[in-house]
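Asker: For the protein sequence lines, the chains are B and S, in the order given. All residue numbers for the first sequence refer to the working numbering, where the first residue is 1 and numbers rise by one. All residue numbers for the second sequence refer to the working numbering, where the first residue is 612 and numbers rise by one.
Possibly wrong hints are sitting among the right ones.
One side of the interface only, derived from the structure: several residues of chain S facing chain B at Cβ under 8 Å [to be verified]:
| # | residue |
| --- | --- |
| 1 | Asn-614 |
| 2 | Leu-641 |
| 3 | Ser-642 |
| 4 | Ser-645 |
| 5 | Phe-646 |
| 6 | Ser-649 |
| 7 | Tyr-650 |
| 8 | His-653 |
| 9 | Tyr-654 |
| 10 | Lys-656 |
| 11 | Glu-658 |
| 12 | Gly-661 |
| 13 | Ser-670 |
Honestly, the hints are just simulated from the structure, not real lab data. These numbers were taken from a predicted model, which means no experiment stands behind them. Backbone N, C-alpha and C define an ideal beta-carbon position, used for all residues, glycine too.
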Amino acid sequence: MSQLRWLQIYGLITCLLPVGAGASDPRTVFERSLPRHSEAIQIRADQALEHTFVFQGLSDSPYIDVAEVYDWNHKGPKNDKEWAWFLNRHRYFEDLYIAYLKTGDAKYTGQIFYILEDWLAEHAGPPSGMSFSSAWRPLEAARRVLESWDILLVQLWSAPQFTDTLKASFIRSLDHHGDYLQNHHALYGNHLITEMIALLKVSLLRPQAVNSEAWRQYALDKLRSEYDKQVYPEGAHKELSSHYQRVVVRNYEKLLSLLQVSEQTELLEEWEPKVYRLWEYFASIRKPSGLAPLNNDSDREHVSHLLKQYGRSIEPSKTSIYHPNAGQVVFRSKPAKGRSPLWCFFDIGPRGSDHQHEDFMHLSLSFGNFPLLVDNGRYTYRPGAWRDYFQGPRSHNLLLIDGRDSDPMPKVADGPLPGTGFYQSEGIEAAWGEAHFSSPHGGRDATWQRVVIHLPKGHLLVLDHVLTFRPRQIEGFWHSAPDIDWSIASTSIYASRKSKKSRITYLSSEGNNLTLVQKKGEKEPTVSGWHSPRFNDRKPADSLYYSTTISQPTAFAWLFSNTDQTAKLQSLEIRSNTFRLAYSVNTVSFELIGKLPNNADKLTLKLVEKD
Amino acid sequence: MKNQMILQIRFVAFLCFFGGLLLLARNLVLSYDSFNPSYLGHYFKQEVLGPLVLILGGSILRAFAKRIAACICKDID
């Protein structure tokens, strides 16, 4: 049935085509809507006329004036291969085309054909194997098909500047793209999904190509098997990065659009709930502001805007949620008079199948739109001090022991990791994880248990229990967003932005004095106190670095009070895995008694209000 | 040939055994004042287990040195 339908479309499209032209019906294959003309698009189009392009915030020109050609391997102002890859995606064709639609000026389309001709002259055919070159990394081939070349085939086919010779070269190259994507695609990850969507699109754009049906079948089979391999049952893409969750969900939306325009109703019904699951997960982790956490290699993405853009109405969750395979806990409190809703993202899961950061047991925390604790993003993929910082433990809210990070977790998981879990009862919720620190000489130096407890009235308690029997240097970090200021008072720390303020108090079970240091935008002796909202963009951000030396099992408690309230820690005792903690909120005192999980045990907690 | 092999295996076994003992002694000296019976399990895993594995490995190697040597030298002499 499915194959028959495709053959019908094939027949319909080929009937509509001029012989040998390779064009097809725009209503059938142009599945996306172009953005509306804007000032930003016009600026980018005018820059493209001058052979200047901005990729990931970096502007440069690959044009060689003397030879009047492009250097397609030009790596931009930072000599970064990412820039060359973006150059070869031809995304700027879209800007030029939109500027042409707005102004009617043929110089914009003329520039598209000028660039296309130059690119085709330089890249007559794909390499014989998988390539990571600027032009023929499979992802770039896929992006050309998905984001730029469809405009040429569908929207500009009749343009007078599109000569027959250029059309012939273009069609030949498009068919090469189909064969190349089928035979030399990525082996796994989000790239593979993008490449298979592109392969499906080539099969639709070129139904008359000899291999068109093979491309379509291969792409659909691969997309189905990769969804099962790459997506956890809760809808999280296994790279566990908000940015790549966005990439993947948008790609699968594109699949739905392609299935819709080709009237593949059966496949559409099969895929719709799968794509919805990706959105549901994405919506479940968003902050009250609508933004996603910057877990692993991520940028500041606005999930609520994306949901709106794709017409998905998923109401913001009002309760906490635990994703056991992804190993993520999102604590939420309801808004109430005088306090903002709490949102806390606690990572107790696998590292992620790719784009990993060293962030096991990192937590991000917001009170309403007040981002008190954050993940610092990705900034760059170039190896060096900056990559080490943003990818490493020092840009996350973690502990180091003797300067070392905890042992790495597995990349993927099938259920909760050992030593992790989630606890929920009336009025109190908690999640926990356990990490080990191996000695460079073999054996184990220490064990670190972190329990994050969501207290009533939207306060958050973090309990770090470090088990060691030798003198060890403990270092820890609390990072906040760039517009938050920290100030250290005698027994408290304050984080503030304009009129919003949060009080943080801390205690150690053994009475250790913590050395507290504020760092902001430091490059020497080590990179410290930086935040990256998006790739290639970094900002100085206040961070709190604390350190102490312990020589026996010790617990540290941190109480983050909600904006308008003053919660304060009073005492902390711990013996083996049983702890007793007292704190007060304004004039009311509470006692929290708990038993930390040991081996397969679960956490137990009891909160009592003291007279 | 075989006797020489036995000697070499016994020497390695001795190094493992003695090294394990030294490591255990070092760990106990460095951590005895932090010992707390409440954390017995963690203490054992961090301070005792590693050297114990080395000592046991050395002992097993010593006990089976002749058989191992015979196995290695089979069809050579």
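Asker: Next, verify each hint and record whether it holds.
Answerer: Each hint tested on the structure:
| no. | hint | result |
| --- | --- | --- |
| 1 | Asn-614 | violated (32 Å) |
| 2 | Leu-641 | holds (5 Å) |
| 3 | Ser-642 | holds (4 Å) |
| 4 | Ser-645 | holds (4 Å) |
| 5 | Phe-646 | holds (7 Å) |
| 6 | Ser-649 | holds (4 Å) |
| 7 | Tyr-650 | holds (5 Å) |
| 8 | His-653 | holds (5 Å) |
| 9 | Tyr-654 | holds (6 Å) |
| 10 | Lys-656 | holds (6 Å) |
| 11 | Glu-658 | holds (6 Å) |
| 12 | Gly-661 | holds (4 Å) |
| 13 | Ser-670 | violated (19 Å) |
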